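K.L.:
Okay, here's what each chain looks like letter by letter:
There are 2 protein chains.
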Amino acid sequence: MMVNTLFLPELREMLATGAEEELREFCTALHPARTAEFMEGLTREEQWKVLQYAEPPLRAEIFSYFPHDRQIEMLLHENEKQVAELITHIPADDAVDLLSELPERRVEQLLALVPAPDRRDIRRLQTFPEGTAGSIMTTEAACLDERLTVRQALEKLSRQAERLETIYYIYVVDDTNHLRGVLSTRMLVSSIGKPERTIAELMDTDIVTVDAYDDQEKVAQIVAKYDLLAIPVVDEQRHMLGIITHDDVMDVVREEATEDVQRIAAVDPLEDSYIRTSILTLARKRGMWLGILFFAGLITAFALRGYESEFESYAWLVWFIPLIIGSGGNSGAQTSTLIIAAMAAGEVDSKQWWRIIVREIATGGLLGLFLASLALTPALLLAPSAWAATVVPLTILFVVLCGTFSGSILPLLFRRLGWDPALMSNPFVAGIMDITGIVVYVTIARAMLG
Amino acid sequence: MMVNTLFLPELREMLATGAEEELREFCTALHPARTAEFMEGLTREEQWKVLQYAEPPLRAEIFSYFPHDRQIEMLLHENEKQVAELITHIPADDAVDLLSELPERRVEQLLALVPAPDRRDIRRLQTFPEGTAGSIMTTEAACLDERLTVRQALEKLSRQAERLETIYYIYVVDDTNHLRGVLSTRMLVSSIGKPERTIAELMDTDIVTVDAYDDQEKVAQIVAKYDLLAIPVVDEQRHMLGIITHDDVMDVVREEATEDVQRIAAVDPLEDSYIRTSILTLARKRGMWLGILFFAGLITAFALRGYESEFESYAWLVWFIPLIIGSGGNSGAQTSTLIIAAMAAGEVDSKQWWRIIVREIATGGLLGLFLASLALTPALLLAPSAWAATVVPLTILFVVLCGTFSGSILPLLFRRLGWDPALMSNPFVAGIMDITGIVVYVTIARAMLG
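Residue numbers (this note's numbering), protein chains in the order written: chain E, 311 to 760; chain U, 311 to 760.
Treat the hints as calculated values from the structure; they're not laboratory data.
Just so we're clear, the structure is a prediction, and the values are computed from it rather than from any experiment.
Don't take each hint at face value.
The list treats identical chains as interchangeable, and a pair is accepted whether it falls inside one copy or across any two copies.
With a cut-off of at most 30 Å between alpha-carbon atoms, the simulated DSSO-like pairs for lysine-lysine come out as follows [stated by the list, open to error]: (1) Lys359 <-> Lys535; (2) Lys504 <-> Lys466; (3) Lys359 <-> Lys391; (4) Lys466 <-> Lys595; (5) Lys595 <-> Lys391; (6) Lys661 <-> Lys595; (7) Lys391 <-> Lys661; (8) Lys528 <-> Lys391.
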């Protein structure tokens with residue numbers, strides 16, 4: 311990442327001379343993301359000093375755009391009281407994520423200085439397991455009573471607005487915090503002309519909600535389906551617990567996409583970013599699958615030994631082994647990846663298995679014929695006779711067909727069994743095609759060459 | 311997908327008896343997405359009839375939740391005047407997408423019936439190439455004059471609110487439509503207490519914008535970076551052209567993730583969903599890359615022929631070929647996929663190449679030692695002597711190291727050359743490792759066995 315050095319000398323000058331007015335101006339003039347960018351070249355201590363010139367809510371917002379490692383360092387090493395004040399202004403879900411990376415002692419120190427209501431929010435969020443709706447929700451939602459009029463609601467909302475992460479939906483709750491309805495700010499604003507109508511008249515009672523223990527991937531799918539800006543999280547009794555906002559959903563979508571890609575390449579999904587994962591963890595998450603694939607590979611070694619006599623009589627057959635098993639593996643990996651991606655996007659489901667398999671066999675036939683035609687000339691060049699040479703294109707045609715067939719049937723089967731179809735990784739398909747390819751090759755060679 | 315049949319008999323009954331009141335109630339009672347779901351089992355004609363009982367804006371919203379194919383059928387076959395009315399209520403960007411799939415003649419017929427301002431919007435959006443910001447923007451944004459007071463702005467916004475896709479940012483433009491500032495509805499609502507302040511005093515002039523010709527992937531990155539709900543699209547003179555909303559950005563993120571996955575499996579990205587892509591197109595988009603990989607595979611055939619004498623003297627070496635090249639290919643594919651995904655997520659860039667390569671060589675060393683230790687026993691079983699057997703684990707160690715090294719250096723190189731690193735597909739890495747693996751194997755065997 312490029313470090314933005316444009317403002318650095320001026321910022322340092324301002325800090326040195328204690329130019330309060332100018333530092334305040336710097337904090338408020340730009341979008342908080344840009345403010346954070348301009349502070350990139352400063353040391354942690356300097357950044358922290360500059361931050362203190364921003365009002366606490368803005369301070370928390372600028373802080374949210376710092377790199378994750380820097381955020382952790384600040385929470386660890388800066389003044390306890392200032393850090394605690396910052397934490398009260400960070401959305402509770404983000405605060406929980408950050409605190410989870412600090413040592414237990416520091417967390418207790420800091421939380422002791424956080425006002426009780428915020429501390430309660432943080433404690434409650436900490437109880438939801440990672441990957442659930444509860445763990446990514448924020449407890450700060452705009453909640454109003456249904457008996458309010460449009461005028462009263464607007465006034466109340468106007469007092470809450472600055473403190474809340476999002477005010478684009480207003481949730482209507484009764485006295486015991488049961489969710490009764492939802493109202494968009496758009497609806498409220500467009501009712502300004504009828505200030506005496508009540509929220510109860512305007513609100514929508516058909517509310518899309520998620521349970522606090524629902525999987526975050528399910529949450530993302532629902533939000534995408536209904537094109538929501540935020541979704542309320544409730545417990546079993548429909549008590550309003552919090553909301554999940556569109557930006558957290560976007561993070562989930564990105565995270566799940568990355569995990570799928572990693573699974574497809576036979577890497578156990580990393581919990582952290584690639585660059586922050588230790589080499590030992592990387593080796594473990596990869597070695598696990600490489601080990602499994604290795605034993606699949608061993609079968610080929612024993613199969614080839616079993617076919618020793620065939621390869622001794624026709625030594626030239628050996629030359630085409632990598633080409634043949636590669637063609638099968640590649641076409642199979644294409645198929646399984648296409649199907650895994652289509653299932654993840656919700657475009658196909660396992661009930662369409664028949665249609666998928668027919669499509670893949672047809673595609674495999676076309677691809678097999680194409681690769682077989684490419685293989686004919688080199689086979690004629692390397693094989694002892696034209697008749698013998700045809701073994702190679704014929705094998706490639708069959709192996710590509712087997713590749714697309716198993717590449718399509720296995721993710722479908724995995725889904726049916728309730729497993730993640732992305733476990734049907736490219737290397738796994740390739741491993742299956744290694745064995746299949748060799749068996750098909752020798753069978754055809756035997757039949758044709760005797 | 312499950313067809314929801316709960317309401318079907320009632321709906322058909324209502325249509326048969328012309329129960330206007332009840333059909334209106336059905337259209338308004340639920341979230342439009344659910345209304346569309348409950349209509350799934352109806353025929354196209356029945357669905358269209360039910361839709362006519364909803365007010366046009368709601369009608370367009372319910373329509374937006376129908377499956378894509380059904381939408382196209384309706385635009386093709388239903389009454390022209392009704393279809394044209396529907397089109398005026400669909401956001402212009404979605405209308406352009408739908409119209410692009412109709413025959414030219416039908417488009418002209420329909421657009422002739424659409425009011426001139428909406429038609430102009432559609433015509434203008436049609437000029438932006440697919441994949442650009444312009445092609446996914448909507449022209450319906452809340453635009454206000456900076457001279458308005460808070461009170462006036464709220465009133466004006468309340469009249470616009472129902473018609474607009476989103477009102478969560480208010481864009482401030484001058485008389486010639488130059489973008490001057492932006493104001494969140496949250497800010498406006500929280501200023502209700504000071505109704506005489508002007509928009510000019512409240513608005514933010516540091517606006518994050520995108521150019522209409524910017525790539526949609528860039529738009530998605532900016533929106534994610536600044537956590538925006540919508541981003542304004544401007545031309546070179548900073549004229550306000552439209553906005554891109556968070557749900558369109560979510561679609562872009564999903565689309566780009568799917569494309570990356572397809573590229574990683576050596577499939578040229580599909581323009582349409584997997585299930586809607588014709589078999590011929592599928593075969594073409596896959597055959598292209600399979601053909602290229604095939605020629606890489608051919609090199610292995612000629613290499614193996616070149617090593618004929620080695621494999622004749624030590625026939626057992628042949629048995630381990632698939633295992634060895636598979637281990638190299640798998641570990642290389644893991645590395646390249648991890649790096650491609652990390653680059654796509656913006657976690658690493660090619661300036662960190664040195665750190666990445668060092669990490670991968672270290673990881674490769676660990677993985678290589680692990681697989682080599684697994685290979686020792688089978689090699690001892692199959693090789694004629696203990697000394698000869700050590701060729702196999704030694705080769706695996708080196709091949710895995712080569713795999714992680716080339717898996718890391720190639721995506722970095724691709725990025726440096728300005729290519730898409732996802733072109734460094736798993737099959738491509740596997741192809742490179744096929745050749746490398748064989749060369750390393752024979753070199754080590756020669757050195758050790760003479």
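K.L.:
It remains to establish, for every hint, whether it holds in the given structure.
P.N.:
Going down the list of hints, with the structure as the test:
1. Lys359 <-> Lys535: between (44 Å within a copy, 24 Å between copies)
2. Lys504 <-> Lys466: both (17 Å within a copy, 14 Å between copies)
3. Lys359 <-> Lys391: within (14 Å within a copy, 64 Å between copies)
4. Lys466 <-> Lys595: neither (51 Å within a copy, 57 Å between copies)
5. Lys595 <-> Lys391: Close neither inside one copy (40 Å) nor across copies (60 Å); limit 30 Å.
6. Lys661 <-> Lys595: between (32 Å within a copy, 26 Å between copies)
7. Lys391 <-> Lys661: neither (58 Å within a copy, 38 Å between copies)
8. Lys528 <-> Lys391: neither (39 Å within a copy, 40 Å between copies)
Checked against the numbered hints listed earlier, the structure breaks hints 4, 5, 7 and 8; every other hint is satisfied.
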